[in-house]
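Undergrad: From just these sequences and the hints, can you work out the full model?
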Amino acid sequence: MKLDRLKLNIEEVPFKKTLSFVPLINKLKEQKKINGSLDIQGEAILKLVEEKPELARADFDVNDVEKFKDEIHVLMGYFFTPVQYREDIGVVATPFDDQNFYFTPKYLELYGNENLIVEMVEQKDQDKCFKTFGMLFYAYSMILKRYYNFELGLGYLFMYKVTDKLNDLVKYYKLEIEKSCIDITYTGKLPKLSEEQLHKMINNPLDMDFWLETLPLDQFKFSGFLPFRYVDISQIEVISSLKSQLLEKSSIINRNNFNQLEQNIRSLLELPNLKLGIIAFGMNQGSVENPSDFWHGFLSADRFKCEDYRKTIYEQAGEQGSPILINDLSKRENPNEVEKALLDEGIRNIAVVPLYNEDEMVGVMELGSNKAYDITFSKLRIIKDIIPVFSIAIQRTSEELQNKIEAIIKEECTALHPSVEWRFTQAASNMLLKKGKGESAKMEEIVFPNVYPLYGAIDVRHSSVIRNQTIQDDLLEQLELIRNVVSSVNAINSMPIYDQLIYKIDYFKDGIKKGLSSGDEMNVLNFIRYEVEPLFPHFKENGEEVILAIDNYKKNINQGLNLVYKRRKDFEDSLGLINDCVTSYLEQEEEKAQAMFPHYFEKYRTDGVEHNIYIGESIANNLNFDRIYLKNLRLWQLIVSAELARKTEALKKSLPIPMDTTGLILVHSQPLAIRFRQDEKKFDVDGAYNIRYEIVKKRIDKAKIKGTNERLTQPGMLAIIFSQEKEIAEYQRYLEYLISAGYFEDQIEYHTLEDLQGVYGLRAIRVKVKNGKEKDVLKLAEDLKIEN
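Residues in the sequence shown are numbered consecutively from 702, following our numbering.
I should point out that these hints are in silico values taken from the structure, not numbers from a laboratory. Bear in mind the structure is a predicted one, so any value in this text is a computation, not a measurement. Watch out, some of these pointers could steer you wrong.
The list that follows gives simulated cross-link-like pairs (lysine-lysine, DSS-like), each with its CA atoms no further than 30 angstroms apart [what the hints assert, rightly or not]: (1) Lys872 / Lys944; (2) Lys1293 / Lys1267; (3) Lys1143 / Lys1210; (4) Lys1293 / Lys1210; (5) Lys872 / Lys717; (6) Lys1072 / Lys976; (7) Lys901 / Lys832.
TA: Here it is as structure tokens:
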């Protein structure tokens, strides 16, 4: 019962209460009158009362408890036998008060141990109001039974959680009350309660104000005492908690949740050294499999694969379908590699429990300890009821992981752009409707007609030349390093074969300096790997100087690639940073552009970043398209291209290899159709006429100005290519505006381009991008985490 909605305005119980042993004395006298005699304990109590009549006072002063300490111990023997006194956690209190006057030793141990945290479950703030509520609830339970013949079950109303700070083990106790030694009296006229009133009280247990109003307590008097016992219900509570945890999502995949599961299992089995492991193992035709890659095992998945668990206790547990328990791994004869690794991890005692779901093995549970014989079959019996829930949890987790993997693949590789997702949903729905009618159905063709294309690219200038130069630089360095090795050997122990190797190295160096030809890199690397490096063990016999030369060679070699990979790495890093810069900015701005009007957008990396945009009414579901949106997107593309030119220029000084970028836009005013290609999982232009647009895109990056040898695309400039005269006039207006806005220098170049293969009559405009503001440069470097 959660008590955060408790309604109670009083702080003190409104009835009279006194400590008295008379109810117990009268109870024993009545039993003797009926049965003729009592047991030894009962006779001893009555005899003691005859000798000490003070004990039979109707109102016993609690301050006299210490004076009659031994006598009260005899009286309480009626409730706590000698064995119960030693073993039970018990206490006796005055009626509905906080005055405890008799304790068992274990009660004193519980509350006197500074390493134990005792708290009430679901009511950590045990304030005065809550204590008053507890007293009232117990009082009403007695009144309703005595005067209204109604049993108010207290059940698990008050539970305590005890946590050992030394090992975090937890135990749970419920509070049982003995109510037979309380006398209740009422002065005046007893209130009548209708069945409706009674049920309303029971249905509102936290509205204690309503209870007090319905059945006032000020005329009641309670006389006697209340013995309490703390009953251990740890197994019930921990098992219930484990089941609840395991039925939650991410119960075993989340590391924090998993750690809590492990701690609960420790508490349940009372084993502070216990370790828990779970692996999604399966058996398939005699093979051990881990289909979902879920692995929270004792041994790392990187260290041991599924096949390593063949012929081990794990496979044995799966084959026989029952737990395997090894009391002491250290005493196993001829332990296999997995068992040796478990010992290395400190696991001496291990139980492997197979997990099944609908007769199919879905995983194994590992229980381990660093102490031999810690885990026994009797311990395993305790957790048998939660094994099926573990099976459900691991099956669900495996399915969730598979779904997430598929979602990632879809998102990263074949995700649908949000602007067109509605059409695919529509097509899938149509297919399901046809299948529902029993018709043969397949996914219908997805075509968007009458859409306007926009194409743009940010390319790295002379990337092929730079890439070849970095390869040359790395090869020359590697040849020089290997030459130093051979020369050092030859200087100590001159031999003609060493002269021949030096000649071959110099031959390769001279050839590479003149230019890198196809196959040169492979020839050099094969020569080094198969003709020189195998001689290293022999070379080392020639002394310390040779060994140092070999060590220096190896120090400069990339161990994964087995070659010098410095300048090439600088090139790849530089290219990657440029592409990351362009991609992140494009994605950021494209998200804003979608708010203007929905359109299809895609980007892809080469030695730079290219993007395609398609906009039109067929893509924008249930929206009216106007050419104003096309014009707006064209202007947006020009602004973004200018900003990208600024950002990549600002980035250049922070790159390992400074590289220039060029900007290019292709204008195509005629609408075309795009079709989704199921085999390639991407959109492509549709129709023979529209194919020309794709051909132009592939060839314009190398276009030259007619009558010159000058490439149209130049660093720091934006080139815009047209096939129709009217397009130039439109873009001229845009550029005049952007010049005034400070994006471009006030000079527009007009060019005619040399004919390309299959492409004739192209015109172009070229403008120089104006330098951006310094704060943009700093923000860019911060975003990319580049140190200047």
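Undergrad: Tell me if the straight-line CA distance from Lys1293 to Lys1267 falls inside 30 angstroms.
TA: violated (39 angstroms)
Undergrad: Is Lys1072 within 30 angstroms of Lys976, Cα to Cα?
TA: holds (11 angstroms)
Undergrad: Would you check the hint for Lys1293 and Lys1210, treating anything up to 30 angstroms between C-alpha atoms as holding?
TA: Given pair Lys1293, Lys1210 is violated - Cα atoms ~53 angstroms apart, limit 30 angstroms.
Undergrad: Going straight from one Cα to the other, do Lys1143 and Lys1210 come out at no more than 30 angstroms?
TA: Between Lys1143 and Lys1210 the Cα gap is close to 61 angstroms, so the pair fails against 30 angstroms, i.e. violated.
Undergrad: Please work out if Lys901 and Lys832 have their alpha carbons no farther apart than 30 angstroms.
TA: Roughly 23 angstroms between the alpha carbons, so the hint for Lys901 and Lys832 holds.
Undergrad: Next pair to validate is Lys872 with Lys944; report whether the Cα-Cα distance is within 30 angstroms.
TA: holds (17 angstroms)
Undergrad: When you check the alpha-carbon spacing of Lys872 and Lys717, does it fall within 30 angstroms?
TA: Judged against 30 angstroms, a Cα distance of about 36 angstroms means the pair is violated.
Violated hints, in rising order: 2, 3, 4 and 5; the structure is consistent with all others.
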